[in-house]
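Residue numbers (this note's numbering), protein chains in the order written: chain D, 1 to 207; chain U, 1 to 61.
Derived from the structure by calculation, the hints contain no laboratory data. The structure displayed is predicted, hence computed values, not measured ones. One should not assume that every hint holds.
Calculated pairs, DSBU-like style, for lysine-lysine (alpha carbon to alpha carbon, straight line, at most 35 Å) [what the hints assert, rightly or not]: (1) D/152 with U/56; (2) D/72 with D/82; (3) D/114 with U/24.
Which chain D residues stay away from chain U? Per the calculated CB distances, all over 10 Å, these [to be verified]: (4) 23; (5) 46; (6) 49; (7) 115; (8) 144; (9) 164; (10) 192.
All C-beta atoms, glycine included, are put in the ideal place defined by N, C-alpha and C.
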Amino acid sequence: MPQKQSRELNTGYEVSIDLLRDAAYISELREQMIKFAILQLQDESTAEDVVQEALVGALKNAKSFQRKSALKTWVFAILKNKIIDSLRKGQKTVAVSQICEEQEQEIEALFDNKGHWHQDEKPKHWEQPEGQLEDEHFWRAFDICLNALPAKYARFFMMREFLELETHEICENETLNANNLHVILYRARVRLRECLENGWFAEGKAI
Amino acid sequence: MMSCRTATQLMSESLDRPLTRKEKLNLVFHKLMCTGCRRFEHQLNRIRMYAHTFTKKNTSE
Ligand SMILES: [Zn+2]
Chain D
1 MPQKQSRELN
11 TGYEVSIDLL
21 RDAAYISELR
31 EQMIKFAILQ
41 LQDESTAEDV
51 VQEALVGALK
61 NAKSFQRKSA
71 LKTWVFAILK
81 NKIIDSLRKG
91 QKTVAVSQIC
101 EEQEQEIEAL
111 FDNKGHWHQD
121 EKPKHWEQPE
131 GQLEDEHFWR
141 AFDICLNALP
151 AKYARFFMMR
161 EFLELETHEI
171 CENETLNANN
181 LHVILYRARV
191 RLRECLENGW
201 FAEGKAI
Chain U
1 MMSCRTATQL
11 MSESLDRPLT
21 RKEKLNLVFH
31 KLMCTGCRRF
41 EHQLNRIRMY
51 AHTFTKKNTS
61 E
């Protein structure tokens, strides 16, 4: 009975087991994980699988956590790795270099034939009121803009900005080179900037 | 002068790789002349900060 033994030896173990058996807490945690995973994987059923794997992994290797926040940080660290694995496995058949060769009309339309901003496309000043980062409406707008990114760009943007992988880590297992990645990240950022400006920073903040 | 199209692409790349000295210099000159691109660069940095804050918000208490 190894489990009983470690319970007696290590009270921390007992705490974490209780947290992991707290059905209400786990289901809330699971919801948050699924939301996070869907954002990056853009597919609900893959997201559910990955979250399931992460939770099973967490249960198997329960460490000692005194606080829920420590448990959450740890479970999300496991989840991030599962997401990275899944992103690397998936969609390799998409010819990324071809995506890059095709001009993106939405982006070219921002500039005139000399490559300068069209007058009405020129970035506007962004007001940054205090407390913006605590404003749930702002994060809702941000979430909407992330979801509006085309999947072919979102996937790499997430790897770079959410999972904070370096260029060489992203290119390692993909069919793209650093130049392709730079083009894709540029397009993702330009689109996100447009969306935030129109949906949030423009007057009215109507989204 | 470098075009805004090229300048914005370089600004984005500067978040992913170190720019060469020549690229940096060209950007500095461009930004002196161009309000739009000055704002663009500032906003790209904010977007990165938002992304990091968003991840933290969603992954810890
Ligand atoms: Zn410019």
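Structure-based check of all given hints:
no., hint, verdict
1, D/152 with U/56, "holds (24 Å)"
2, D/72 with D/82, "holds (15 Å)"
3, D/114 with U/24, "holds (21 Å)"
4, 23, "holds (19 Å)"
5, 46, "holds (18 Å)"
6, 49, "holds (19 Å)"
7, 115, "violated (3 Å)"
8, 144, "holds (12 Å)"
9, 164, "violated (8 Å)"
10, 192, "violated (6 Å)"
The earlier numbered hints that this structure contradicts are 7, 9 and 10.
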